[in-house]
Amino acid sequence: MRKLRQLNNSYGDDKVIDACSIFGAMNTAGKRFSGESVIKAIANMHDRGNGLGGGFAVYGLYPEHADLYAFHIMFLDNEDKQETEGFLRKHFTVIREEEVPTRSTPAIKNTPLVWRYFLDVPQNLPENLSIDDYIVAKVMEINTGSNNSFVFSSGKNMAVFKGVGYPEELAEYFRLEEYQGYLWTAHGRFPTNTVAWWGGAHPFSILDWTVIHNGEISSYGINRRFLEQYGYQCTMQTDTEVIAYAVDLLMRQHNLPLEITAKVVAAPFWDEIERMPPKEQKLMRALRQVYSSLLLNGPFAVIIARQGEMIGLTDRIRLRPLTVGEKGDMLYLSSEESAIRLICPDLDKSWIPMGGEPVIGRLKKGPNPQDITGGERLSAGKSV
Amino acid sequence: MTDTRDSAVNIDASGVHYRELNTRLRDIVTNSNRKIELRNVYGQRYIGTNLNKPIEIEIFGTPGNDLGAFMNGPRIIVHGNAQDGCGNTMNEGEIIVHGHAGDTVGLSARGGKIFIREDVGYRAGIHMKEYRDKMPVIVIGGTAQDFFGEYMAGGTLVLLGLNLGEGKNHKARFIGTGMHGGVIYVRGNVEEYQLGKEVGVTDLEESDRAALRRYVSEFAGYFDFDADDILSHKFIKLYPRWLRPYGRLYTY
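Just so you know, the protein sequences line up as chains A and B, in that order.
With this note's numbering as the guide, the letters of the first sequence map in order to residues 1 to 384.
With this note's numbering as the guide, the letters of the second sequence map in order to residues 1 to 252.
No wet-lab data here; the hints were simulated from the structure.
It is possible that part of the hints are untrue.
To be verified - Now the stretches of chain A that chain B is said to cover, found in silico as 3 or more residues with beta-carbon under 8 Å:
(1) 37-47
(2) 311-322
(3) 334-340
(4) 346-360
Said to hold, decoys possible - Pairs of lysine-lysine residues, derived as BS3-like cross-links and limited to a Cα-Cα distance of at most 27 Å, are as follows:
(5) K168(B) - K237(B)
(6) K279(A) - K171(B)
(7) K171(B) - K129(B)
(8) K171(B) - K282(A)
Small disclaimer: the values here were computed from a predicted structure and weren't measured.
Where a beta carbon is used, it is the ideal one built from N, C-alpha and C, also for glycine.
Please build the complete structure, drawing on both the sequences and the hints.
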């Protein structure tokens with residue numbers, strides 16, 4: 001593709017037409033499928049990215065270890081690995097560990113070590129600490145530690161695969177066509193204000209939350225400082241990281257339903273609030289006051305996922321695109337409709353959601369119902 | 001990938017990169033005036049760009065962003081939906097979409113016509129303009145999302161809302177924000193709060209009705225609707241209250 005660009009660009013221009021690409025596919029009946037179609041779809045939006053980041057999140061990935069926390073960790077060298085493995089053994093029971101399988105491809109260079117660890121949590125946790133809180137704290141300790149180790153994902157029965165390259169190249173590198181999952185998200189990166197490195201590729205993740213993002217969070221500084229008060233440390237040098245921690249704080253720690261969380265990060269305008277019925281007005285005012293520091297300012301289209309759920313959301317004035325496709329149990333979210341049509345030409349329904357209004361896909365019956373918390377389970381594609 | 005046996009030139013666009021596809025289109029248009037049929041189109045951008053002839057291109061699939069960007073003459077018919085930036089800065093020609101279209105339909109258009117059978121996304125007609133006989137027109141059969149006609153400087157937008165259902169209004173907010181030229185005809189009604197502060201609302205005059213009938217008849221012809229039926233409904237006209245709303249913004 002890059003070769004073609006050189007051959008056929010008779011104008012000799014250097015016009016950059018890039019923007020990130022985001023794609024999500026979910027089987028709401030929980031049926032697992034290979035990454036092949038998702039790779040094909042994200043590769044179709046190749047020209048949106050520039051090869052400086054690509055990544056995938058997969059859910060329903062490790063059913064054989066569904067009760068264990070699957071840590072995918074990147075190490076810049078072997079010494080970092082030794083040290084972090086010591087840390088893991090001290091704070092967890094390591095049930096299984098292995099290098100994440102890769103195949104060498106010419107496109108992916110300067111590869112760091114990426115290993116996965118299936119961890120059990122010790123029984124004797126302090127009383128005021130939930131297991132999830134414990135995981136978050138340990139992830140933060142690894143990420144902020146003096147050695148170069150970064151946790152790509154830390155949830156159950158899911159993982160993040162990411163790095164520097166085009167997404168389809170990273171899929172080849174990580175052999176993603178060999179995996180099965182019922183929910184896949186994929187990202188092709190065009191870095192705007194922040195550095196392109198393996199940790200800065202999307203998805204960003206904590207526990208089983210993952211976020212992929214097209215846009216720029218100009219409220220990053222405010223969001224980051226607010227999240228730091230709750231123990232979240234931003235270490236990936238990229239704005240999107242705050243979204244992963246914000247949803248963990250709002251939905252897991254503060255128990256807010258998804259529909260309310262969407263109204264925090266993409267709050268309705270004040271004049272819109274004034275036209276709402278009194279009760280709703282009171283709620284929206286309270287949200288804007290309590291969580292003003294978690295309002296995401298700037299353009300964004302995101303796909304947020306966790307076990308059993310996939311959410312598409314754009315900023316209130318839709319400065320980045322998001323389109324939806326539905327076919328039977330399948331729900332697709334994408335920057336461009338063509339990527340969906342390529343792998344599913346005969347959609348039942350194809351539509352474009354309003355800015356600030358989440359599109360939600362939920363499992364009808366989960367492979368791990370114990371992992372699915374909160375909210376009424378809607379069928380795929382109900383917009384709120 | 002090209003089959004020239006039929007009267008139309010058939011191109012299978014499967015897996016063909018947009019640069020290669022558009023180069024091929026330029027070659028064909030340079031050497032003939034025949035109609036072109038593109039099949040298996042999945043996201044190739046800029047189709048119709050730099051083809052300065054009134055040829056016809058029929059697309060089966062989902063053309064990519066900036067369909068007909070800077071287009072000057074061709075007629076494009078899409079059997080499917082259009083993505084973002086459809087008709088970007090087009091100068092002359094027509095785009096007819098048998099489906100919906102994404103954001104910024106006809107952005108900065110300076111001529112030509114766009115007909116969308118169903119809905120359009122955000123910012124349709126943003127900064128459309130006109131000059132003398134160059135009068136771009138966009139007719140939308142469904143409804144529009146926010147910022148419809150934003151910064152509009154000229155031309156005509158027609159919003160029909162045929163899929164809204166009886167008694168339902170368009171939901172778009174910030175309609176005509178920054179509007180300082182052109183005209184918008186809306187079938188049905190909109191509330192005051194949905195309009196940008198630069199926008200005035202009035203009834204149609206005789207000259208408006210004549211123009212509207214022309215555009216709606218053309219729309220109805222393409223998509224098999226009854227123009228009289230569409231026109232029998234109440235329309236309102238949105239217009240810019242000032243031609244230079246920000247004329248004094250940077251002067252002291």
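Right, here's what the structure says about each hint:
1. 37-47: With 3 residues close enough to chain B, the hint holds.
2. 311-322: holds (count 3)
3. 334-340: holds (count 4)
4. 346-360: Answer holds; 5 residues pass the 8 Å Cβ test.
5. K168(B) - K237(B): With Cα atoms ~18 Å apart, K168(B) and K237(B) stay inside 27 Å; holds.
6. K279(A) - K171(B): With a Cα-Cα distance of about 22 Å, the restraint between K279(A) and K171(B) holds, given a limit of 27 Å.
7. K171(B) - K129(B): Holds, at roughly 25 Å.
8. K171(B) - K282(A): holds (23 Å)
Of the hints listed earlier, there is not a single one the structure fails to meet.
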